[in-house]
Structure formats: C-alpha cells, structure tokens
Amino acid sequence: MADLGTKIGIVDFENPIFVASGTYGYGTEVSELADINDLGAIVTKSITRYPREGNPPPRIVETPSGMLNSIGLANIGVEAYIETMIPLYEELKTPIIMNIAGSTEAEYCEILEMTESASSNIAGYEINISCPNVKAGGMEFGVDCDLTEQLTSRLRKLTERLLIMKLSPNVTDIAAIGIAAERGGADALSAINTLVGMSIDTTNKESNIHFGFGGLSGPAIKPVGLACVHKVYQAVDIPLIGIGGITCANDVLEYVLAGAAAVQVGTANYRDPDVGNSIIIELDTLLDKNNMGSILNLIGKVQLGS
Amino acid sequence: MADLGTKIGIVDFENPIFVASGTYGYGTEVSELADINDLGAIVTKSITRYPREGNPPPRIVETPSGMLNSIGLANIGVEAYIETMIPLYEELKTPIIMNIAGSTEAEYCEILEMTESASSNIAGYEINISCPNVKAGGMEFGVDCDLTEQLTSRLRKLTERLLIMKLSPNVTDIAAIGIAAERGGADALSAINTLVGMSIDTTNKESNIHFGFGGLSGPAIKPVGLACVHKVYQAVDIPLIGIGGITCANDVLEYVLAGAAAVQVGTANYRDPDVGNSIIIELDTLLDKNNMGSILNLIGKVQLGS
Amino acid sequence: MKIEIATVLENKLIASNIWKMKMTAPGIAEQYKGAGQFIQILVQSSWDNPLRRPMSIAAVDGDQIVIIYKVFGRMTQVITEQEAGEELDILGPLGNTFRWGDDEFTPVLVGGGVGLAPILNMYGECTAAGQNAVLVIGARTGAEHFIDHEPQNNVFLATDDGTAGITGTVIPAIAISLKNTGKPEILACGPEPMLKAVQEFAAAHEIPAQLSVESYMGCGIGICQGCVVERVNGNVSEHSYHEKYSLVCIDGPVYKSEEVIIG
Amino acid sequence: MKIEIATVLENKLIASNIWKMKMTAPGIAEQYKGAGQFIQILVQSSWDNPLRRPMSIAAVDGDQIVIIYKVFGRMTQVITEQEAGEELDILGPLGNTFRWGDDEFTPVLVGGGVGLAPILNMYGECTAAGQNAVLVIGARTGAEHFIDHEPQNNVFLATDDGTAGITGTVIPAIAISLKNTGKPEILACGPEPMLKAVQEFAAAHEIPAQLSVESYMGCGIGICQGCVVERVNGNVSEHSYHEKYSLVCIDGPVYKSEEVIIG
Ligand SMILES: Cc1cc2nc3c(=O)[nH]c(=O)nc-3n(C[C@H](O)[C@H](O)[C@H](O)COP(=O)(O)OP(=O)(O)OC[C@H]3O[C@@H](n4cnc5c(N)ncnc54)[C@H](O)[C@@H]3O)c2cc1C
Ligand SMILES: Cc1cc2nc3c(=O)[nH]c(=O)nc-3n(C[C@H](O)[C@H](O)[C@H](O)COP(=O)(O)OP(=O)(O)OC[C@H]3O[C@@H](n4cnc5c(N)ncnc54)[C@H](O)[C@@H]3O)c2cc1C
Ligand SMILES: Cc1cc2nc3c(=O)[nH]c(=O)nc-3n(C[C@H](O)[C@H](O)[C@H](O)COP(=O)(O)O)c2cc1C
Ligand SMILES: Cc1cc2nc3c(=O)[nH]c(=O)nc-3n(C[C@H](O)[C@H](O)[C@H](O)COP(=O)(O)O)c2cc1C
Ligand code: FES
Ligand code: FES
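Residue numbers (the numbering used here), protein chains in the order written: chain L, 1 to 306; chain W, 1001 to 1306; chain A, 2001 to 2263; chain S, 3001 to 3263.
Calculated from the structure, these hints are not laboratory results. Heads up, a few of these hints could be off.
Partial list, derived from the structure: chain W residues whose beta carbon lies under 10 Å from chain S [unchecked claim]:
hint : residue
1    : ASN1208
2    : ALA1268
3    : TYR1270
Below, in silico cross-link-like pairs of lysine-lysine (DSBU-like), each with a Cα-Cα straight-line distance of 30 Å or less [said to hold, decoys possible]:
hint : chain 1 : residue 1 : chain 2 : residue 2
4    : S       : LYS3033   : S       : LYS3012
5    : W       : LYS1205   : L       : LYS301
6    : S       : LYS3012   : S       : LYS3002
7    : L       : LYS93     : L       : LYS157
8    : L       : LYS289    : W       : LYS1205
9    : W       : LYS1301   : A       : LYS2196
10   : W       : LYS1205   : S       : LYS3070
11   : S       : LYS3070   : L       : LYS289
12   : L       : LYS7      : W       : LYS1205
13   : A       : LYS2002   : L       : LYS93
14   : W       : LYS1301   : L       : LYS205
15   : W       : LYS1289   : A       : LYS2196
16   : A       : LYS2020   : A       : LYS2256
17   : S       : LYS3196   : W       : LYS1205
Treat the numbers as computed from the prediction; the structure is a model and nothing was measured. Here a beta-carbon is modelled for each residue, glycine too, at the ideal position from N, C-alpha and C.
Generate coordinates for the entire structure from the input sequences, incorporating the hints supplied.
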C-alpha cells in the first residue's frame, strides 16, 4: 500500500481522488453503483441562494474526447441543501466539500453564513467563481483579480473551514487570479472549471446547447488543466486541486507532478460512476510499482528542460 | 456541384478550405501526396525577420483528440522566404497567404515591407499575434487591445493585399481583441491559434514538451474554436476564418454556421496531408445533399434558443 | 441499477436499418421492473464519442435482455458490429415504467422509429398477463416493419408511403384501431413529431395517454442534470426546483401525456 | 512517398514482446530505396491517439513489406490485433537510408530493442549483395531474441542477463565481433542509451559509424518541424536555420555518428 494521504490546508484526506462539482449530484445518488465512502472527498453540485431550475434543453452534447454542458446551475438552493442534504452527510465517512455559486458578493456570503450557522460535518467550501454558463455563476469574479481578492477575504472572515476558490481557464492570466485568491486568504485553489465552447447540429443549423455556449470538459481539456495548474503552482504557495479530463491514475500523477495536492474527477463519472474508486486502486499500484512513495513528495516535481 | 466559392476582403477564393500555418510547411513539400492546387489557399509557416532554429526537442506530443506543440517558430526567415519560396508560388494556382510573426511592431512592419517590395503573387498576410510558444510569437500583442489595434493599423498602411489578424483563444475576451483589429483596419480575422497546454511523462517526471508549455490543437479544441468564432462574429463586421480541430466537411459547416467565411485545416494534415482535398469533395456533396446552396448563405446562420 | 459486462448472444438485422440484440445480463435482468426502463451502453472504450447510449429494454427473458435499435449515427453503427460472444459494458435498469393494470382500460400501444422497443416490450407484457392490447406501429416504408399488419388481431401498421398497412402517420391508424376499443389508454414511444401528434390526438379525444420521451443523456442516473424535459404548467418562479424541468433519466422516460411539453 | 491502404498478410509474435508483420503495399515497395527508410502507420481511425506511428521497413520482397515491432504502449498493442486480410493505412517510404557500398569496409550492424528492423534489413541487403557483414543484436534477455548466436557466422547476440550469447550490452559484443573484422564501419539502430554507447565506442576507437536515431514524429514528411535531433557543432547564431537542429523524418533517420547529439 502506497501512502495516498494528502493534506489541503488544515484538512487531511485519506486519498487525493475527489469527485468534481456538478458531476456527482449531491453525493449520495450513486451509492448503489459506487462505494462513495472510499473517495477522498465529494464536492457537491453548486448551491445558490435560491433553488434554480437551470437552462432549457438541450443542455449537453458530446464532443471529441469531451462534452459541453450548460446546465445553468440547476440546484435545490441553500435552504433545502441544509435541510435535506447536510443530515445525509452525517452518515458518510467521506469528507464533503460544499460548492457555492452566486451572482453578488452578498449572495456568496449569505449562502456561506447560512450553512455555517447550521450544524454540519462538511469539511469546507469550494467557491465557484468560474461557471461559464450563467450570470449567477460568478464568472465576473473569476476574471477579475480585485473582485476575486475581495470576495475571498469576505468569505474568509465567515468560516474557519477549508476555503477553496475554483478558478476559470477562460482568462488571459490564471496565475494572477490565483495570487489574488491567495492574498484574500484562500486555503487552496482548484483548477480548472470548464472552457467556453460551442457545437452545432449542421442538419438543422441549431446550436446543440440551447443558449449557444457551453462548458467544455473531459480528456480534451486535460492539457489545458495541467498547464493552468502548473502556472498557478509557480505563482502561489497554497495547495492546488487539479481538475480537467482525469480518467486514470496516470492522469492523477500528471496533475500531481504539475503541482496538485489532490484532484477532482468530473466527466469520467458519467461513463463510470465508480471510476474514482478504480483510480484510487490503480494509483496505489502505480506508486508502488515505481517506488514513488507518498504523493506528497511528487507535488510540482515535473522537470522542465532548460 | 455546390457553389463553394467564398470571398474574404477583396479576394475571391474558389473554396473555403485553407491549410493552417505551421501545418503545411511552405506549401510545396506535400505536392507528392496532395493536389495542392485544389486547396482554397495555403497559409505558410510563420516567417520571422531572421531565420530561427526553434525550440529544443521534445517539441510535440499527442493528447486526447489533439496534440501539443512547441516548435518555437523554426523558420527560414523573411529573406530566404522571398528568395526561395516566393518564386515557387508563381507556378501555383492556389493563393498563398504568408503568415508573419515578430517580437516588436517594427519587426512585423519590416518583414511585411520587405515582402511587399519584392515582386510576388501572394494573396495576403496573416499576422500571428497569438503564438503561445515563444516571445517572438506576438502573444503580447494578441492579449492587448491597444497593441493589436496599433499594430494592425501600422501594417494596414504598408499593404493593399489581404490583411488577416490571427487571434489567440488564451484571453478573457477574444471579441474585444477582434474589435481592436477591425478598428485597426484588418480585412479579416482568423481564429483560433492553439490553447496553452501541458503534458507530463510520469515514468520519468519530465515534461513531454521541452520548456513545459505547448500549444494544443486538433479536434479536442474544436468546441473552443467554434465558440471563439461565434463570439467574434457577434462583435465585428469583417469576415472570419475559422480554425481549430477541423477534420471533415461537417466541421467546416459548423464553423461556417458559427460565422466563418472560410476555414483552415491544421493538425488533421499530419494524419492525412490530402485531407483538405477530401474535405472539399465531401463539402460539395454535403451542400448538395442538403440543398444548402452557397456557403455564403450559411455564414453565421446558427440558430440559438431564446 | 448496476454496471454489468453483458455477453452478446445474438445481434441481427430484423428490418431495414432495424437491429435486434440479445445479451446475457443477469444482474440487470433481475432488477428489471417493466417496459419503459432502459440501459446505458458504453459502446466503445475510445473517447471519440464519450457518452453512453440509452437503449430501451425490449424484452427480458430469464437472465437475458433484448434491445431493438435503429442505426442512427456512429455509435449505433458500431453496435451493429458486435458479434455473439463479445462483451458489452451496460448500466441499468434505469428509469420508470409504463403504468397499467387497470382492466377497465385497453392499452393502445403506439410505437415508431427508435421507440419500438418499449412498445413491443409492453405488448409482450400485456399478452403474457392475458390483457388485451392494441398495437399500432408506424414507419416510413414497409421495409422497416418486421411484424405483419393484422387488424383482426388488433395489430395495425402504418407507413408514410402506403407500402404496408394503413397509409399515413400513426394517427389515422390509431383512429381506426380505436373503433373496436372500449376504453382506450394510449401508451406511446417514438420520434418527437409522432409523440407530439399523439399528445394532440389524445387531448382532442380526451383519451388518457402515457408518453415515453427521448432526451440527450449524459449519465442516465441523475447526476449530470443534462436530460431535462419541460413540464406543463411548471412553476417557473425563482424558488422552483425541478418543477419546470424534469430529469428524464430518473423521473421518466414515461410521463403522463398532459404532464410534459414535447419538442 | 505515398499513402497506401496495405493489406496485412501475416502478423505474429516472433520473440518475447516482438512481432513481425508482413503486408502488401505495392506502391511503397516500388519506391523503397533501402534499409533505414520507414513508414508511418495510422493505427486506428479513433483520435484517442491522433498521430501516426513510425516503423522501420524490415524487408521488402516484391510488392510486400515487412515490419518488426516491439509492443511499447497502446498503439503498438493495437497493431498486434491486426489480422491477416485486414487493411492498414500507411504512408511511406520515408527518410533516408544507411549508406554503404564501399567494399573496403565491413558493415558491423548493431541493433537492439525497437531498432532491430532496419538492422536486419541492412543485413539482408548485405547478404543479397554478397557483402560480408557482422551482426550484433542486443536484448535484455534470451527470450527477446529470435535468431541464434553464431559467432562463427559473424552473428553475435548480447543479453543483459547472460541468458543468450555474450553477457552485457552490445558494446562488449561489438568489441568481440571486431576481432576478425578488418576495416569496420558500424551501422546502428536502437534505444537512446545503446546509440549513445555506440557513439562513444566508435569515437574512442575511431571507427566510422552511422546511427539511425529515434524521434517523436508528428507528420513524417517535413511539415510539422516536430522531429528534430540536435546537430553537433550546430551553428547557433540567430541567423542559422536547420543547422542546429535537423528534421529526423527527412534528413534522417540515419546520421553519421559524429553529426548528431544523442539524448
Ligand atoms: C430513454 C431512451 C431510450 C432509447 N431507446 C432506444 C431504443 O430502444 N432503440 C433505439 O434505436 N434508440 C433508442 N434511443 C435513441 C438512441 O439512444 C439514439 O438513437 C442513439 O443514442 C444515437 O446514437 P448514435 O451515435 O448512433 O447517433 P449520433 O451520431 O450521436 O446521432 C446524434 C443523435 O443521437 C441522439 N443521441 C446521441 N447521444 C445520445 C445520448 N447520450 N443520449 C440520448 N440521445 C443521444 C441525439 O438525438 C443526437 O442528435 C433511446 C433514447 C432514450 C433517451
Ligand atoms: C524512424 C523511426 C523508426 C522506428 N522503427 C521502429 C521499428 O521498426 N520497430 C519498433 O518496434 N519501433 C520502431 N520505432 C518506435 C515506435 O515508433 C514506437 O515504439 C511507437 O510509436 C510507440 O507507440 P505506442 O503507442 O505503442 O507507444 P506510446 O504509448 O505512445 O508510448 C510512448 C512512447 O512511444 C514513442 N512514440 C509515440 N508516438 C510516437 C510518434 N508519433 N513518433 C515517434 N515516437 C513515438 C515515444 O517514445 C513515446 O514516449 C521507430 C521510431 C522511429 C522514429
Ligand atoms: C454537467 C456538468 C456540470 C457541472 N456543474 C458544475 C457546478 O455546478 N459547479 C462547478 O463548480 N463546476 C461544475 N462543473 C465543472 C466540473 O466540476 C469540472 O470543473 C469540469 O467538468 C472539468 O473536469 P472534468 O474534465 O473531469 O469533467 C460541471 C461539469 C459538468 C460536465
Ligand atoms: C505543429 C504546429 C505548428 C504550428 N505553427 C504555427 C505557426 O508557425 N504560426 C501560426 O500562426 N500557427 C501555427 N500553428 C497553429 C495552427 O495554424 C492552428 O491555428 C492550430 O493548430 C489550430 O488548428 P488545428 O486544430 O486544425 O490544428 C501550429 C500548429 C501546430 C500543430
Ligand atoms: S442523464 Fe444525467 S441527470 Fe439524467
Ligand atoms: S515528423 Fe513532422 S517534420 Fe519531421
């Protein structure tokens, strides 16, 4: 058994394989298909202040090695999350990270405060400032250093739990946004959210996503995710969580070498909702086979030519 | 026979299938494998003021549905281009578009002036302000509206031939850069160049690209290219040339519906150097089958939900 | 529900462009609840087409399940290439079922195109249960039919081009079939235009109807929120959640006709 | 050069992890110039692994060409699954050849791992031309060898573990083989560490040598600039072009040993 344990801020995780927000529902839906208690952590679907129905269909379409989605942050809202979901998490061994989205600073704060004032065992918060699909998704924050820093520092004051800012790749300089979030007091950064993309049905000239643009995810974006993680790694001192196109243990190692202390698996869950657990087993074997020891020794250790 | 003819600025092209800069050499290398005279146009490898050896290997690596490259603008330099390449183009039926890269405004201008003062039949210039791999690649221009506008307007004064600015997807707001280039007097815009990406060999922890980062191309980025083209289409009035992940006629139609008047095929040439001609034939059939008429009627005609 | 590596037993063309595949999938067969449920097939390990493909269960026989499918695009083409003995990664059984059992009503089962499977399944379940049922199958042309037009046995075919059964869409065929049916309830599955026509017909004639709807699916198990259909009179206030939209993969695919907006 | 749809005639395991494939490819066979040249195989239509894979031509016989390959990763694994009668999209012949023909020199042909094919090809060409040649083949273990150690016939095997032929890398085997060779010229192909060792050995002993080098290839035909190897004493001034780097796919894969920097 290799040492898969990792640490993000004040929290120890048994392994670095998390599932990504929006790709695992509220966490318990797949318990029939996967041993969700073995995952490193579950990041739940973005929660907004009020319930949201989301965007009209079509909301998803596959693309080469990936898919586009424009779900539009359909979710039950923070009140229902506190009432119906948080109690379920008491029975889980897996740490839960609550993902939050908002359209104003006040809204993010209100959601976080409401959750903090309820009793819960959630491990921390991932702040979605990078949803490309709806105004409420925080993209205006995710592309602006000042807004990111200010939002982060306001949220920082409201919780002692893990505070993770989720970064967008749809920016000129992701490292600058990462630095802003670090300055604001984030414990960690996760990257990346989806890339803005489009797909068209040429038989009827209609967009395959109702409103036109959607977010690209899946193996297609893995190189972009790795580059973003490495750029941010070079710029900040807080831990990173790598996201984008992960389907196997080798992908996890790539992200760790690029600078990630943990990763999140997204789109791959749709093909195999138990893929997270398969990756954990595969990673264990891979680390042992290569005598790589703990993943903590590998973080950011990619060698570049000079 | 469908009407495949298209028009960009003052130039009529027999068909909208061009080959992309850096993926077809100087244009004549593949004449043994492809009927290069049937292509809509050939965009030649980026030319700099002086010859460049390019980056150390490894320079390329495949990724899911794509590849990364960091060639580093290896090229023969403008003098050799004028002396040895331009004479070859006299014998070609296919219009040649010369792609130019530089590290300063003066350098771009010098290259263009030198070429203009030589006698040549080249149809126009594509200005690379979006190479993610080297400082000389113009990326500092491609991410800045003011620099883009200024460079474009200086180049505009030096030539009456087609002037195309090639945009980068690695920016927060590609439409703004497009508007700046239009304001500077560009005849057309091409999009997209490659996305910044990374890939790591986990067996030896080395980056699969010598300096770490490379440019992602291929079908993986097609959704991003389509989104960029459509965003720019909504913002400018000049014609667009769509690039990114094109492998078949259906991809071409997607780009046309998103807003492109022509397209460039890149990475697909490496699998099949004659793919451009296959696409032309396939496109002809597809347009006829669907009674779509001229592609000029289809530009930007994607229907979005409301 | 479970993920299971099924073994293909048979895979053959049964009509123009229509294929039937039988496979062993004991786990899924055991959990199966009735016609309307579907499986999600991981057609190939390549990520060229990343998503699983939904296919209705056309029959369950012991530990075997059957699908009937139309070659539509690339992945359905690849499914035709599966040979007996090969393995297929499937997830199921998913979704809800057609609801019936009220002897008062005679099920009028209406299917067309890719919607044949659950309808034939339902017909089989009715027959097995000794329930009289009417079957109405539409197609563009006779070559796409693999059963016979037998009005005397309450089996009605319709073809757009008149080459088999009644000429026209399924609607005139339903109208004819209803002549001898006391209290009909329509159970339909097929392409959007067909479902829309059935919905209007049922409303106009005040016949209760259930529709199995199609939707583009990301996961099939409720975790992607991709597969929504719009509900009628959905509460669209900002506070609503899943009142305006319903997840076809878990709430559906079968809805009461008056519940959903088609197209 | 041309793109040709070859037909696989035979594809079989000939040693541990080493396979041999024979195919009909008349167009490429006709243009073939000699050992060292290679083809680019489009292994599958999927874009999961988008690039063609380079493979040296191991022999040409009429309209047939042979490759010998080692299963390395995913695509070489997929190549093993090709069966006789199936088609394969190949591009070739590409690159330059080993240069010989000067009777004064005896070719000492050194191959290892994925570099066996051009060396065996060269050996065949020497034999056919009545030219004496020495063959030195390295492997980790005896199971990877598919020819016999026959020093009396100037065929020398080396294994890291001593299970066949001479124990050690190819270097001691070359040293032994040279004992009876008048004026040797080394022609080598194999993994980087082997080429590096051969390069040093040749320099130290002032033996002329040609190396067929490996490189990651995008196109194989000079249009991507991806496949460079660094030249020795390359002119690195800003005005140089292709003096510091050389395109392996068109200038190579065979270089004079003193010309290139390995690794
Ligand atoms: C609940 C349900 C049950 C179904 N049952 C059957 C059946 O029994 N027999 C049958 O022939 N067909 C059935 N279908 C339709 C079938 O899933 C599609 O025809 C198939 O996915 C097409 O795949 P393709 O690669 O051949 O087509 P593509 O080349 O992908 O063609 C594109 C079209 O196929 C459909 N499609 C593609 N991917 C998906 C997806 N992940 N989810 C949903 N639709 C998709 C879309 O309409 C899309 O426009 C069912 C669909 C649903 C939702
Ligand atoms: C000119 C030349 C001739 C060759 N001749 C032979 C031969 O006769 N027999 C033989 O067994 N092998 C030969 N090789 C090596 C062979 O091409 C690789 O082993 C093969 O590409 C590995 O593919 P894969 O998918 O199995 O490995 P992967 O899983 O892709 O393994 C990765 C490694 O394979 C190599 N590789 C992958 N793609 C390429 C590519 N497009 N170009 C070059 N290298 C690549 C790289 O070293 C890479 O690190 C030759 C290589 C070159 C450059
Ligand atoms: C259907 C879908 C819904 C998503 N919803 C959310 C969301 O609600 N909040 C969020 O922060 N990210 C969301 N994401 C983004 C993922 O969490 C992840 O960042 C992205 O998909 C990249 O990872 P992947 O390539 O492994 O899928 C969603 C992704 C998909 C595919
Ligand atoms: C190996 C390689 C080299 C390239 N070199 C150049 C270049 O010199 N100048 C340029 O403007 N674009 C260059 N590009 C970018 C392409 O022209 C094109 O914009 C990009 O590859 C996206 O198209 P594709 O997905 O069809 O490949 C290069 C791309 C590749 C793959
Ligand atoms: S298909 Fe994913 S929620 Fe229904
Ligand atoms: S492999 Fe493309 S230039 Fe050599």
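Results for each hint:
Annotation: interface hint on W/ASN1208 holds; nearest CB of chain S at approximately 8 Å, less than 10 Å. Hint on W/ALA1268 holds. Least Cβ distance to chain S is approximately 9 Å, under the 10 Å limit. Here the hint on W/TYR1270 is kept, as its CB sits about 4 Å from the closest CB of chain S, short of 10 Å. The straight-line distance between the Cα atoms of S/LYS3033 and S/LYS3012 is roughly 26 Å, inside the 30 Å bound, and the hint therefore holds.
For the proposed pair W/LYS1205 and L/LYS301, the alpha carbon gap of about 7 Å is at most 30 Å, so the pair holds. Among the hinted pairs, S/LYS3012 with S/LYS3002 is consistent with the structure: their alpha-carbon atoms are about 26 Å apart, no more than 30 Å. Restraint check: the Cα-Cα separation between L/LYS93 and L/LYS157 comes to about 28 Å, which is no more than 30 Å; the hinted pair holds. The straight-line distance between the Cα atoms of L/LYS289 and W/LYS1205 is roughly 15 Å, inside the 30 Å bound, and the hint therefore holds.
Restraint check: the Cα-Cα separation between W/LYS1301 and A/LYS2196 comes to about 27 Å, which is no more than 30 Å; the hinted pair holds. Simply put, W/LYS1205 and S/LYS3070 have alpha-carbon atoms about 23 Å apart, close enough for the 30 Å limit, and the pair holds. Distance check on the hinted pair: S/LYS3070 and L/LYS289 sit about 22 Å apart at the alpha-carbon level, within 30 Å; holds. Among the hinted pairs, L/LYS7 with W/LYS1205 is consistent with the structure: their alpha-carbon atoms are about 22 Å apart, no more than 30 Å.
A C-alpha spacing of about 22 Å is found between A/LYS2002 and L/LYS93, which places the hinted pair at or below 30 Å, so the restraint holds. Proximity of W/LYS1301 to L/LYS205 is assessed by CA-CA distance (about 7 Å); at most 30 Å being required, the pair is judged to hold. In summary, the hint linking W/LYS1289 to A/LYS2196 is supported, as the alpha carbons are separated by about 28 Å, within the 30 Å threshold. As the CA atoms of A/LYS2020 and A/LYS2256 are separated by approximately 28 Å, the hinted pair is consistent with the 30 Å bound.
Taking the CA atoms of S/LYS3196 and W/LYS1205, the gap is about 22 Å. The hint holds against a cut of 30 Å.
Violation of the numbered hints given earlier is absent; every hint is satisfied by the structure.
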